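Enquirer: Read in the numbering used here, the sequence shown has 72 at position 72, and its numbers run on one by one without any break.
Be aware that a few hints might be false.
[As the list claims (entries may be wrong)] Straight-line C-alpha distance at most 25 Å; calculated DSS-like pairs for lysine-lysine:
id	residue 1	residue 2
1	Lys-78	Lys-36
2	Lys-69	Lys-56
3	Lys-36	Lys-56
4	Lys-75	Lys-56
5	Lys-78	Lys-56
6	Lys-36	Lys-69
7	Lys-75	Lys-36
[As the list claims (entries may be wrong)] Computed beta-carbon distance windows for the label pairs:
id	residue 1	residue 2	range
8	Lys-56	Gly-77	23 to 29 Å
9	Ala-86	Met-1	40 to 46 Å
10	Lys-75	Arg-47	15 to 21 Å
No lab work stands behind these hints: they were computed from the structure. A quick note: this is a predicted structure, and the numbers were derived from the prediction, not measured. Glycine included, every Cβ here is placed at the ideal spot set by N, Cα and C.
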Amino acid sequence: MKNIIIAIIIGLAVVSPLNLNNSYLRCSDFDTVVVKYGEDVETIASRYTENPEQAKELVEAIIEINDIKSERDMKAGKRLQVPVQAKDSNKIQVASR
1 MKNIIIAIII GLAVVSPLNL NNSYLRCSDF DTVVVKYGED VETIASRYTE NPEQAKELVE
61 AIIEINDIKS ERDMKAGKRL QVPVQAKDSN KIQVASR
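Can you build the whole structure from these sequences, using the hints too?
Expert: Shown next as structure tokens:
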């Protein structure tokens with residue numbers, strides 16, 4: 001039992017840093033999306049960004065947050081939590097002279 005716990009801790013230590021650069025996994029705001037027939041995670045992610053690199057990160061985040069293991073988990077009617085990043089336009093801009 002002790003060896004299993006140690007193996008899990010080591011596994012988490014190795015895997016956890018891989019997602020530190022994915023800003024979608026640090027979001028605190030989420031949209032709830034209902035999957036339509038024929039949709040996949042990539043289709044849903046493309047609604048939120050046109051940037052290919054951001055879309056890839058968003059797909060990874062949607063899969064992790066919603067514990068999607070395979071395409072069979074993507075059934076019509078399933079509710080997914082989609083992380084949403086704040087837009088840059090929400091930042092305060094200071095005028096300069």
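Enquirer: All hints, please: hold or fail.
Expert: Evaluation of the provided hints:
For the suggested pair Lys-78 and Lys-36, the alpha carbons sit about 8 Å apart, so the restraint of at most 25 Å is met. Between the alpha carbons of Lys-69 and Lys-56 the distance comes to roughly 17 Å, so the proposed pair stays at or under 25 Å and holds. Annotation: proposed proximity of Lys-36 to Lys-56 holds, straight-line Cα distance about 20 Å (limit 25 Å). Distance hint between Lys-75 and Lys-56 is fulfilled; the C-alpha atoms sit about 21 Å from each other, no more than 25 Å.
Distance check on the hinted pair: Lys-78 and Lys-56 sit about 21 Å apart at the alpha-carbon level, within 25 Å; holds. The straight-line distance between the Cα atoms of Lys-36 and Lys-69 is roughly 18 Å, inside the 25 Å bound, and the hint therefore holds. Distance hint between Lys-75 and Lys-36 is fulfilled; the C-alpha atoms sit about 8 Å from each other, no more than 25 Å. Between Lys-56 and Gly-77 the beta carbons are some 26 Å apart, a value that agrees with the proposed interval 23 to 29 Å.
Checking the proposed 40 to 46 Å range against Ala-86 and Met-1 shows it holds: the Cβ atoms sit about 44 Å from each other. A beta carbon spacing of about 19 Å between Lys-75 and Arg-47 agrees with the range 15 to 21 Å that was offered as a hint.
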